[in-house]
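Undergrad: In case you want the letters, here they are:
Number of protein chains: 2
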Amino acid sequence: MSNKPYKGFEPNWLRTPAPEGSYRSIFRWGDPNFFKFPKESLYKMMKETFKMTDDDFKEYTDDIGFDQVDLSDHPSNIDPKHIKALKKIVGDDFVTTEDYPRLAVAYGCTGYDLLRLRHKQVENVPDVVVYPDTTEQVEQIVEYAVKNAIPIYVYGGGSSVTRGMEAMKGGITLDMRKRFNKVISFNEIDQTITVQAGMSGPKLEQTLNDAPILFGAKRAYTCGHFPQSFEYSSVGGWTVTRGAGQNSSYYGTIADIVLSQKYATPIGKIVTSHYPREATGPNLNQIMMGSEGTFGILTEVTLRVFRYMPENRKRFSYMFKNWETAMDAAREMMQCEAGYSSVFRLSDPEETNLMLRLYNVDDTPIAPMLDKFGYKDMERCMFLGFTDGEKGFSKNVAKNIAKIALKHGAMPMTGFVTKSWEKGRFNDPYLRDSLMDFSIITDTLECTVNWSNMAQVHRDVRKVCHALPNTVVTTHMSHCYPQGANLYFIFITKMNDADEFKRYHTTILDAIQKSGAAISHHHGIGKMFAPWLEGYIGEKEYGVFKVLKNYFDPDYLMNPGGTIGLDLLPEEKKFLNERKDYR
Amino acid sequence: MSNKPYKGFEPNWLRTPAPEGSYRSIFRWGDPNFFKFPKESLYKMMKETFKMTDDDFKEYTDDIGFDQVDLSDHPSNIDPKHIKALKKIVGDDFVTTEDYPRLAVAYGCTGYDLLRLRHKQVENVPDVVVYPDTTEQVEQIVEYAVKNAIPIYVYGGGSSVTRGMEAMKGGITLDMRKRFNKVISFNEIDQTITVQAGMSGPKLEQTLNDAPILFGAKRAYTCGHFPQSFEYSSVGGWTVTRGAGQNSSYYGTIADIVLSQKYATPIGKIVTSHYPREATGPNLNQIMMGSEGTFGILTEVTLRVFRYMPENRKRFSYMFKNWETAMDAAREMMQCEAGYSSVFRLSDPEETNLMLRLYNVDDTPIAPMLDKFGYKDMERCMFLGFTDGEKGFSKNVAKNIAKIALKHGAMPMTGFVTKSWEKGRFNDPYLRDSLMDFSIITDTLECTVNWSNMAQVHRDVRKVCHALPNTVVTTHMSHCYPQGANLYFIFITKMNDADEFKRYHTTILDAIQKSGAAISHHHGIGKMFAPWLEGYIGEKEYGVFKVLKNYFDPDYLMNPGGTIGLDLLPEEKKFLNERKDYR
Numbered sequence: 060m061s062n063k064p065y066k067g068f069e070p071n072w073l074r075t076p077a078p079e080g081s082y083r084s085i086f087r088w089g090d091p092n093f094f095k096f097p098k099e100s101l102y103k104m105m106k107e108t109f110k111m112t113d114d115d116f117k118e119y120t121d122d123i124g125f126d127q128v129d130l131s132d133h134p135s136n137i138d139p140k141h142i143k144a145l146k147k148i149v150g151d152d153f154v155t156t157e158d159y160p161r162l163a164v165a166y167g168c169t170g171y172d173l174l175r176l177r178h179k180q181v182e183n184v185p186d187v188v189v190y191p192d193t194t195e196q197v198e199q200i201v202e203y204a205v206k207n208a209i210p211i212y213v214y215g216g217g218s219s220v221t222r223g224m225e226a227m228k229g230g231i232t233l234d235m236r237k238r239f240n241k242v243i244s245f246n247e248i249d250q251t252i253t254v255q256a257g258m259s260g261p262k263l264e265q266t267l268n269d270a271p272i273l274f275g276a277k278r279a280y281t282c283g284h285f286p287q288s289f290e291y292s293s294v295g296g297w298t299v300t301r302g303a304g305q306n307s308s309y310y311g312t313i314a315d316i317v318l319s320q321k322y323a324t325p326i327g328k329i330v331t332s333h334y335p336r337e338a339t340g341p342n343l344n345q346i347m348m349g350s351e352g353t354f355g356i357l358t359e360v361t362l363r364v365f366r367y368m369p370e371n372r373k374r375f376s377y378m379f380k381n382w383e384t385a386m387d388a389a390r391e392m393m394q395c396e397a398g399y400s401s402v403f404r405l406s407d408p409e410e411t412n413l414m415l416r417l418y419n420v421d422d423t424p425i426a427p428m429l430d431k432f433g434y435k436d437m438e439r440c441m442f443l444g445f446t447d448g449e450k451g452f453s454k455n456v457a458k459n460i461a462k463i464a465l466k467h468g469a470m471p472m473t474g475f476v477t478k479s480w481e482k483g484r485f486n487d488p489y490l491r492d493s494l495m496d497f498s499i500i501t502d503t504l505e506c507t508v509n510w511s512n513m514a515q516v517h518r519d520v521r522k523v524c525h526a527l528p529n530t531v532v533t534t535h536m537s538h539c540y541p542q543g544a545n546l547y548f549i550f551i552t553k554m555n556d557a558d559e560f561k562r563y564h565t566t567i568l569d570a571i572q573k574s575g576a577a578i579s580h581h582h583g584i585g586k587m588f589a590p591w592l593e594g595y596i597g598e599k600e601y602g603v604f605k606v607l608k609n610y611f612d613p614d615y616l617m618n619p620g621g622t623i624g625l626d627l628l629p630e631e632k633k634f635l636n637e638r639k640d641y642r
Numbered sequence: 060m061s062n063k064p065y066k067g068f069e070p071n072w073l074r075t076p077a078p079e080g081s082y083r084s085i086f087r088w089g090d091p092n093f094f095k096f097p098k099e100s101l102y103k104m105m106k107e108t109f110k111m112t113d114d115d116f117k118e119y120t121d122d123i124g125f126d127q128v129d130l131s132d133h134p135s136n137i138d139p140k141h142i143k144a145l146k147k148i149v150g151d152d153f154v155t156t157e158d159y160p161r162l163a164v165a166y167g168c169t170g171y172d173l174l175r176l177r178h179k180q181v182e183n184v185p186d187v188v189v190y191p192d193t194t195e196q197v198e199q200i201v202e203y204a205v206k207n208a209i210p211i212y213v214y215g216g217g218s219s220v221t222r223g224m225e226a227m228k229g230g231i232t233l234d235m236r237k238r239f240n241k242v243i244s245f246n247e248i249d250q251t252i253t254v255q256a257g258m259s260g261p262k263l264e265q266t267l268n269d270a271p272i273l274f275g276a277k278r279a280y281t282c283g284h285f286p287q288s289f290e291y292s293s294v295g296g297w298t299v300t301r302g303a304g305q306n307s308s309y310y311g312t313i314a315d316i317v318l319s320q321k322y323a324t325p326i327g328k329i330v331t332s333h334y335p336r337e338a339t340g341p342n343l344n345q346i347m348m349g350s351e352g353t354f355g356i357l358t359e360v361t362l363r364v365f366r367y368m369p370e371n372r373k374r375f376s377y378m379f380k381n382w383e384t385a386m387d388a389a390r391e392m393m394q395c396e397a398g399y400s401s402v403f404r405l406s407d408p409e410e411t412n413l414m415l416r417l418y419n420v421d422d423t424p425i426a427p428m429l430d431k432f433g434y435k436d437m438e439r440c441m442f443l444g445f446t447d448g449e450k451g452f453s454k455n456v457a458k459n460i461a462k463i464a465l466k467h468g469a470m471p472m473t474g475f476v477t478k479s480w481e482k483g484r485f486n487d488p489y490l491r492d493s494l495m496d497f498s499i500i501t502d503t504l505e506c507t508v509n510w511s512n513m514a515q516v517h518r519d520v521r522k523v524c525h526a527l528p529n530t531v532v533t534t535h536m537s538h539c540y541p542q543g544a545n546l547y548f549i550f551i552t553k554m555n556d557a558d559e560f561k562r563y564h565t566t567i568l569d570a571i572q573k574s575g576a577a578i579s580h581h582h583g584i585g586k587m588f589a590p591w592l593e594g595y596i597g598e599k600e601y602g603v604f605k606v607l608k609n610y611f612d613p614d615y616l617m618n619p620g621g622t623i624g625l626d627l628l629p630e631e632k633k634f635l636n637e638r639k640d641y642r
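Chains as they are written, first to last, in this note's numbering: chain A, 60 to 642; chain B, 60 to 642.
Hint data in this document are derived by calculation from the structure and do not stem from the laboratory.
Model, not experiment: these values are computed from the prediction.
Watch out, some of these pointers could steer you wrong.
Identical chains share a label here; the pair holds if one copy fits it or two copies do between them.
The calculated EDC-like cross-link candidates involving lysine to aspartate or glutamate, where the alpha carbons are at most 20 Å apart (straight line), are [what the hints assert, rightly or not]:
1) Lys-328 to Asp-640
2) Lys-380 to Glu-391
3) Lys-146 to Asp-556
4) Lys-450 to Glu-396
5) Lys-147 to Glu-195
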């Protein structure tokens, strides 16, 4: 996925940075001066798939969002006395009712969000944005908001794909990016760091890498948590949604990495235990994680940290003959008790087809060899990853992966493919923006499966996707465990209407729910997946979430408007699959 | 700890099996024909420590409990219509109001229980004992009991040290041992087994070892969970108390091993997820574990299972010069990312002194060498364990442990010590019975610490113990993690009165609570630790447990009478330590 020159016609890819204050500066991903376009072979593939011509890529489908944000149709509607009170808590400069900062915290990154923003369909914005500095300030804001019945939302990194932070009821949004992103303490004895919830992924990782300089630590550390959204994600977002990074097979998901949490809730401060294990009743850490802002505002998080030892990393990649053999091999790798690799990613045949182009393998001598040795297009499955940990551990994991892959008839593909993947791992969202200018939209859905229902879920969900018009759907398995794995579906389609996208998205979510898989492995629920949650969990089981909500936030002021389904009406819920007994 | 003949005077150790139907058959540990006595050097040490003479060991302090159980002072007090109804559910032969089976399910294994039983102090017994066969029967019993306001208790393996199953309010006790101990399904693809909650440790392990014969499996498996109480513990007990086995540093505690649970609660059946990770709100598995029977009756549990590969096990033992160096080494072993050993046990100087005798090291040429090389008595610390897992993994773990131990000045002690420990690991409770006949009582208390407060907790708790009369207190670290470990205190004292024991026990629990450690790493809370729980968790945080209780069991019929503090009066609670912010 290089920005190499095309031999033939090259689409009119947008190369101009979005103006400050523009809509585009909100909906485009990240760094204003960074762009990413598909290479020529991929562009050709898309034209074929979506029956488009070069002409379709001469003009942008729509307005590209260079206008200045204007919310005159959505004025801030909050009593000035509240503004005054909030300014008293955080300081005059850290409360705003201006248009741009209000819109900037209103949307996340699902296709539905991007399409709405591209079309200036502004539905829900907060009345006021507040930039807190300290935990005490957040506690005071929550107390004030509850006393005055004002809804509160939180904007962390901004990369939610579930409409997690959308301010459905207006009110206050706390934008954590500006100030609530500091290190509170670093404890090298316990290998932990305590940070404010707005701490960003890159700042956290840099801090840990620099621990010897910053804290006089004996060595450098890593956070071990690298979701694709890493660059625009926050520790708070990771935690309340139960996120997982791409290296989770070794480091664990955030639910494993978090040691302790502190919340500002309507009933007061809640502090969870900071011990690795205990037998003292239900686990409060695991109750608060997954609450997605509905029980209170996460203020501080203590994370386990890991030793930074990139010198021990072993990269690998293999090609399997087909999905069945590849699944068997992956399962054996996770069950053989030789340790887990850090990144562990197995693509199905359709994704493999795409990835070979994306990772430029089609330009190498490897490509013709694959066919020659019977690894056939649309059957073969690419597997890649790398190990982490102490030198001997890392080596042993890689050695066992090699042994099992070869035993299952795989062909080694060298570290080249893995390196290509690493290059693109955090910047594919830039590519997404480029394509959307021409109505090609990419989005993802994911779920958890056990090994024993993986083949069926993969088949059922793909079948539904392929029945949809203009759809490429690729799947990979990642975040693996001895008892199952995450299945991650990426779909690419031609579409430019937000409501059409929502219907499309709903069809796939219905399919995941009907297949019996866990409705989310790591994206969380937010407002977009909420209608399915009670059906997935079970009514009596879901009742637990409701009593917890009523305990912490009886007035429904914390992230209200459907988050994790707590204030949905019965008719807004979907009950598609009665959970069967596991056997 | 052999049964070798003594050279000098040998105490009148009881060698007669307890008669059927006797009190002793209830309070003694396990196999009626197995006995265990201290060897001569240990006997001498006890005489010295407790200022006793051979004369004190000629006669038993008290009645040894050979009488037939007689509960005529505690008649079953339940309406015959309920007996009829219960018989209709489980069959005529599986409901009893007889004395012996009622007392047999009334007590666990804390010193307080054993002393009460030795003195025939019967306080709380159920009115009726029921032996369910199926999940549906348990569901019907719960439904019936709730309709008729009858309290329900569960007796699993019987080895609670927290008065977990004591029927404070009478009513029904479900004795799971007789029939509710069957395998429901075995899934080799996912490496899971689903069992009824009454499944015993040894039966489960045997089943998994025999998987090729019983289920046509490709290989043998292990449950990975081996608490000291293994032989008289149940899967249900492990789960609801959040237990940990001695091999938990590698296999995880039961909270890691459990994949899914099913409960019969007053509001109906509750089934938790069976996926390894998910981002679908608060984690219901982690809410139900730790409920200790207060939310409902655990009926079925799905456990992750592991490959049975004893051929890969590497045993190790080392002697460190002192506790500080040993703690540093242990921390490095847990943080170096080379994988964790399965058993990981580090004794403090006082325990090392005792263990060298217990493991017969004092009879070997190793003993004089220790002194010679500067590993001084009451300073030196013994460290032992073994690794598990795939061959290369296991080898790498052992290699790194060796490297770190030697770097920290430890002396290798061969596999001999570890093998001695393994011999005794499940049968020390027999020794306890022998000593109690002469008023010497042993019991344990344990907690979780972070590495950064380990030294302080160890010092504070030992200080309080040593201020108690006639007390030997030994400590080991086990169940270790990168962020901390379990500290396990074993105390031996001369005492024969249940109330005196309770006061003594309370003093140590107060000390643990004041030290700031987690009040239990794996014994759970039950009724005995309950007064400290709310103080440990925090009042607002503990409120979560109460709303959960009110949701599942609004009439307080499930294990009522103080379990995890839910129905304690405010004046029965202790608030000794305000939780400080973790830094």
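Undergrad: Now look at each hint and say whether the structure bears it out.
TA: Hints versus structure:
1. Lys-328 to Asp-640: Classified as between: cross-chain Cα gap 12 Å, same-chain 38 Å, threshold 20 Å.
2. Lys-380 to Glu-391: This pair counts as within: shortest intra-copy Cα distance 16 Å, inter-copy 43 Å.
3. Lys-146 to Asp-556: Classified as neither: same-chain Cα gap 39 Å, cross-chain 64 Å, threshold 20 Å.
4. Lys-450 to Glu-396: both (17 Å within a copy, 9 Å between copies)
5. Lys-147 to Glu-195: For Lys-147 and Glu-195, only the intra-copy Cα distance (13 Å) is at most 20 Å; the inter-copy one is 60 Å.
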